[in-house]
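Residue numbers (our numbering), protein chains in the order written: chain A, 1 to 319; chain B, 320 to 638; chain C, 639 to 957; chain D, 958 to 1276.
There may be inaccurate statements among the hints.
To be verified - Below, in silico cross-link-like pairs of lysine-lysine (DSS-like), each with a Cα-Cα straight-line distance of 30 Å or less:
| hint | chain 1 | residue 1 | chain 2 | residue 2 |
| --- | --- | --- | --- | --- |
| 1 | D | K1176 | C | K857 |
| 2 | C | K673 | B | K384 |
| 3 | A | K35 | B | K482 |
| 4 | C | K844 | D | K1176 |
| 5 | B | K538 | A | K219 |
| 6 | C | K857 | B | K538 |
| 7 | A | K206 | B | K354 |
| 8 | C | K801 | B | K354 |
| 9 | A | K163 | D | K1022 |
| 10 | B | K525 | C | K857 |
| 11 | D | K1120 | D | K1163 |
| 12 | D | K1267 | A | K163 |
| 13 | B | K525 | C | K673 |
| 14 | C | K801 | D | K1267 |
| 15 | C | K801 | B | K482 |
| 16 | A | K219 | D | K1163 |
| 17 | D | K1267 | C | K844 |
| 18 | A | K206 | B | K629 |
| 19 | A | K310 | D | K1163 |
| 20 | A | K219 | D | K1176 |
| 21 | D | K1163 | C | K703 |
| 22 | A | K163 | D | K1120 |
| 23 | B | K629 | A | K163 |
| 24 | D | K1120 | C | K673 |
| 25 | B | K482 | A | K65 |
Simulated from the structure, these hints should not be mistaken for lab results. These numbers were taken from a predicted model, which means no experiment stands behind them.
There are 4 protein chains.
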Amino acid sequence: MSVVEQPRETQQQDINADLGFGSVVSRESQRLLNKDGTFNVQRQGLPLLHSIAVYHYLLNITWPKFLAYVTGSYVITNALFAVAYILCGDTALSAFGPQPMPARFWSAFFFSVDTLATIGYGNISPNNTAANVVVTVEALIGLLGFSVVAGIVFARFARPVAKIAFSRNAIIAPYRDQRALMFRIVNEKSNEIVELRATVLLTRRKPGVDGSREYHPLKLERERVVFFPASWTIVHPIDNESPLRDLNQESLTASDAEILILLNGFDETFSQNVHTRSSYRAEEVVWGARFQPMFNPPREDGTISVDIRKLHDIQRVAL
Amino acid sequence: MSVVEQPRETQQQDINADLGFGSVVSRESQRLLNKDGTFNVQRQGLPLLHSIAVYHYLLNITWPKFLAYVTGSYVITNALFAVAYILCGDTALSAFGPQPMPARFWSAFFFSVDTLATIGYGNISPNNTAANVVVTVEALIGLLGFSVVAGIVFARFARPVAKIAFSRNAIIAPYRDQRALMFRIVNEKSNEIVELRATVLLTRRKPGVDGSREYHPLKLERERVVFFPASWTIVHPIDNESPLRDLNQESLTASDAEILILLNGFDETFSQNVHTRSSYRAEEVVWGARFQPMFNPPREDGTISVDIRKLHDIQRVAL
Amino acid sequence: MSVVEQPRETQQQDINADLGFGSVVSRESQRLLNKDGTFNVQRQGLPLLHSIAVYHYLLNITWPKFLAYVTGSYVITNALFAVAYILCGDTALSAFGPQPMPARFWSAFFFSVDTLATIGYGNISPNNTAANVVVTVEALIGLLGFSVVAGIVFARFARPVAKIAFSRNAIIAPYRDQRALMFRIVNEKSNEIVELRATVLLTRRKPGVDGSREYHPLKLERERVVFFPASWTIVHPIDNESPLRDLNQESLTASDAEILILLNGFDETFSQNVHTRSSYRAEEVVWGARFQPMFNPPREDGTISVDIRKLHDIQRVAL
Amino acid sequence: MSVVEQPRETQQQDINADLGFGSVVSRESQRLLNKDGTFNVQRQGLPLLHSIAVYHYLLNITWPKFLAYVTGSYVITNALFAVAYILCGDTALSAFGPQPMPARFWSAFFFSVDTLATIGYGNISPNNTAANVVVTVEALIGLLGFSVVAGIVFARFARPVAKIAFSRNAIIAPYRDQRALMFRIVNEKSNEIVELRATVLLTRRKPGVDGSREYHPLKLERERVVFFPASWTIVHPIDNESPLRDLNQESLTASDAEILILLNGFDETFSQNVHTRSSYRAEEVVWGARFQPMFNPPREDGTISVDIRKLHDIQRVAL
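The shape of chain A in the complex, shown without the other chains (with noise of 0.2 Å):
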C-alpha cells in the first residue's frame, strides 16, 4: 500500500475513522497531539505569511519579545524617517542650517520622534514643503501604527487564555471491582473557569493492518463539572465495554496508543468559552499507580486549601 494508491477498502474505512488526523502515520512513532495542546501535522501550502499568523504571533510571544519588536519597530520607523528629513534637503528641517552629520541625522531623528508620537515641542520644525509632506505621511503612520500596538497590547491582557495544567501521566489505578484510566487537571491561573467539559478520545494503529489508525471515544465516569475551584480528576472506567479492557502496557505501546483529549470550559473573567487540548502517550500511562491527594491538611480556621505543586505525585499500587 503506498501512499497514493490505497486499496478502496482501507480507503472507505480510513475515511470513516478520521478525525482529522489522517490514517498515515509513519514508522517512527510521533505523538499526534503535543503535550501543549499544538497538532503534530504540518500543513503545506499556506500562503507565506497571514495577518491572522502574524497577530496570533505577536499574542503568544513572550512579553520581552514583544516588547522587543515594538521598540524595534519603533527604532527602526524613526531612523528611516530621520533619512527622509535629510533627502528633503539642508532647508527641510529648522534644525539643520549648517548642521553637518551625523549631528543632523540625530536632529532628524528626534524630530522624527516627535513627530510619530504626536509630540510636536516645535523646537525643530519642518521648512519646506517636502518635510511638510514627510510630516503628513508619518502622522498618519505613527496613528495608525500605534493604534495597531495598543491594540495588540491589550489583546494579550485581554484575551481568555485557559492555563490548565494536566497531570505528567495518566494512571491506571484500581476502580471499584476494576480498573480506570485516570489523568487530573488544575486551572494554573487565577482566573476562574466553571461548566467545564471533557472529551476523551484513544488512538491507536489497528492491529494487523499496516500503519492505518483507529479512533475510539472514551467514556468518563463524569463529563462535567460544574465548578472547577480546585483540581478535577478525569476518570474512564475500564469496563466490559472500554476500548482498553483488552490491552494491557505492551501493546499500548505496541501499538503507537495515544490518549487524546479536549477540554472546554467558561472563563468568567473573560465571559468567554475556552478550550485546552493535551495527549498521554502509551509511555506515559504509569500502570498500577493513585494520584496523591493535592489538598493541603485544614488549618485551624477551616481554610481549605489545594497544593497545585502536587499536581503530578502519584504513588505506585498494585493493579
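Knowing the structure of chain A, use the given hints to seat chains B, C and D on it.
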C-alpha cells in the same frame, strides 16, 4: 401560478419547505448560495446606508483598498480644513501674513495636519478667534476619527475569520457496499479550529411542480470532528433513506439541485465561534471519483504533513 | 385577593406559571413585551446611576444625539478648565499678561483645547506652577476621556445588533386541513444571520381566576432555520394540542392574550450570538388572512430578490 | 484516615463524588462557595503575579480605587522621568539654565507631563542628546501605557457583568401537596438578561463517613426562563426522589449542608453569556416561610412594577 397569486395548496407547502430562500425560482438556473458563502438572494428596500454595512464593508476589503480609503479621507479632511482656515481671514494663522496662494493653502494644509494628528509644533499657530474655533472642531474630529480608524484597523486583525477551503468538486464515490456523496475541506489559515460541525442540505426543484423548491437534510456519517488539524472528508452515505437514492447525474442537473453546506466550529486564536458556508451545484458533483490523499509520505524523522494544495485532486473510479 | 396577601393555592400556581413576568396584572390592559422587545415591567429600587446603564444608554441613542453629548462634554470640559486657568492668576498662561476678560477667557479656553487634545502648539504655554498642575490634571483627563469616547464610538460600530423586523400583524391562516398562527420576519440590516431559532409563547389571563396569567409554549412547525437570507414565516399549526384550539378572536382579546417571541441566531459579521424579542397582542392578530409573497418576479438574468417593504402585506381569506 | 493516606475504598468514592471541591473538609464548618460566588478553596503554588491576575484585579476594583492607581502611576512615572532629565545634566532641558532645585525638578516634571501625554508645548524643549533619548523612551512608554489604561477603562465599561441578587434566605415552603425549597433572584442592573438557566446542587457530609462530602443535583420545577424582566423564584419540589426528602433543619445543619447555585444567561447589552454563582448554607434556609410578592399594586395607568428592595421579604407559615 403567478408570483402574486398562489393556489392555497402550493403556498402552504412552500412555507413548509422554506428555509429562508423562498420557493420562487427563475427559469434561469442560478445558484442559491455562492461558492464564497454569500447568498444569491437580494434584499430590496434596505435603507441605503447602514453604519453596519459600512463597517462590514471596511472589514472585508483588502488592505491596500482599506489603506487607500484611510489615506484619501485623511488628505481630503486636511484639505477641507485648510480651506476653512483660509476662510478665517488673513490673520487666521501666524504663517499667513502677506503669503499669497497657493503657498497660503499649503501652510493651512500642513497646519491642519499638525492639528488633526494633534502634533502641534507651534511653528504655525492659530491667531484669531475664528481659527481657534476651527482648531477646536478639528481636534475633536481628529480624535474621534482616528479612534474609529484605529478600532477598524484592530478589528481587521482581531476578527475571527474561518478560512475553510472546500474541494472544487463534491464526488459520488464507492463507499462500503453502496455509494456516498463526499467533499472535503481544509483550514487555510494558521489558526486552529476545534469542534467543527457540518450541516448539509440538498435542495432541488420538486418534480412535476412548477418552479417550487424542496429542501432535504443529508445525514452525515460523521457530523462533527473534535480536532481539525489537517483535512476532513465529509461523507453522506447514499442509503435507502437518502434523498439521493433514486437520483443520477442527469436528474440532479435537470432539477437544478444544489448541495448547501454550513460549517461551524470554535476558533482557538480568537476564542469565538466561526461559521462558513458553501454549496455545490449539480454540475460540480463528479459521479464516480475518489479523493487523492493529501498526506505527504512521512519524512525520515517521522513528521506527518498534509499538502493543502492537493485539496481538489480526485481520481476517476467506476461506481 | 389583594396583591399582598394571596391565598396559598394561588401563589403556588403563580410561581409555577411564572416566566419572570409575575402574575399581577392590572385592570388596564397593557402589553407585557413592547413591540421593540423591551419589557413592560419597571424595576424599582435600582441604584440611580449604574456605569452599565450609562454605557447602555450611550450605545443605543442615535448618532446625532451621541455626537451632541460628546461635543457638549468637550465644550463644557474646556470651559471648566478655562476657568481653572484663570483662577491660577495673571501669570498662569503666557498669553494672559494684561489681557482683560472676555479675551482672557478665550485664551484660556483655546489653551485648554490645545491641552485636552494634546496638541500643544506652544503659542500659549503654562507659566506658573498652579497652571502646570492644572495642565497635568487636564492631560490625564483628556487621555482617559478620549479613550472612553473612542471605545464607545467603536462599540457603537462593532456591536452586533440584530435588526430583525416583524410583520405588523400575526395572522390566523388556513394551513393544511386546519389553521395556523403565522407571522413573518426579515433581516433589515446587511449583516447575515444564520442558525436562527424561534421560541414563541402564548400568555393570557386564566379564565375565571381574577387577574392571574398563564403561559403556554406554542409548538412551531419549524423552530430553526439554518439560513436566513430573505424572510422566514414562523408557523404554529393550531392542532388538537394547541392552546389556541378552542379560542377565537373575542376570547383571545377578552383574556388579554399576548404572543411573546424570542429569536436567537448567530451574526456572521460579528461572530456573536444575537437575540431579538417582540410580541403580538390579541388585537394585532388578524383572523383569516394570508401573507403576500415578498419575492419579486425573477429578473431576466435569473436574479432572485425579495422586497422587504412588502413584509406587512396580507390578504384576507376565509378561514 | 489522614489526609495523605486514604483507604482505597474511600479515595475511589471521593473521586466519584468530586465536583472539583474535593472531599477534604475541616472540622470547622466553612462554606464552599461564598455568597458573592467566589470559591472558598485556596490554590497554593500559583506563580506570584500573572498578567491575567493583574488584569482581573484592575477590572474588578471600584472606580475610585482604579482612578487612584492610574493617577498614582501617572505621577510616579512623571517624577521618575523628571529625575532622568535632571541626570542628563544642566543642558538637558531649555528651561534648566541656572535654575536651582527644586524649581529644576518641577520644570523637569512638567516637561515630562508634556512629553508623556504627547502635548509638546515647546516652551521647554530637550537640548542635549541624552535628554532626547529619554524623550524617545518616554514617548513610547506614554503611548503604550495610555493604550493599556484606555483598554482597561473601556473593558471596565464594556464587560458583561451579571449582577443578579439572591434572596438572603432560601426557604422551605408549602408547595402543592408537599414542600419545596425555594429562593428568588432579581437582576440588579439595567441590562436585560434572557434565557436564564439555573443549576442547583446540594452538598453535605456523608452520614457515618468521617469528613467526606457528597453532592446531589436538585431537580427544579423549571430550569430555565426565557425572559427575566422582574424576578424569578427557583423551586425545587421536595418529592420522593429529592435528596432533601428525609432531612430536616437539624440534620441539614449537622451535616454542614450547602446549596450550591450556578446561573447562566445571555446578556443583551453585551451579546455575551454571563454566569453567576451563589450558595445557601443550612443556617440560611428558613423552614416554614413564603416569599412576599415583589410586585407593586398596579398604577392607574396600568403600569406594572416590581420593587427589588422587597427581594428578601419572607413571611412565616406553618409547614
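**Asked** Against which earlier hints does the structure fall short, listed by number upward?
**Response** 2, 7, 11, 12, 13, 14, 21, 23
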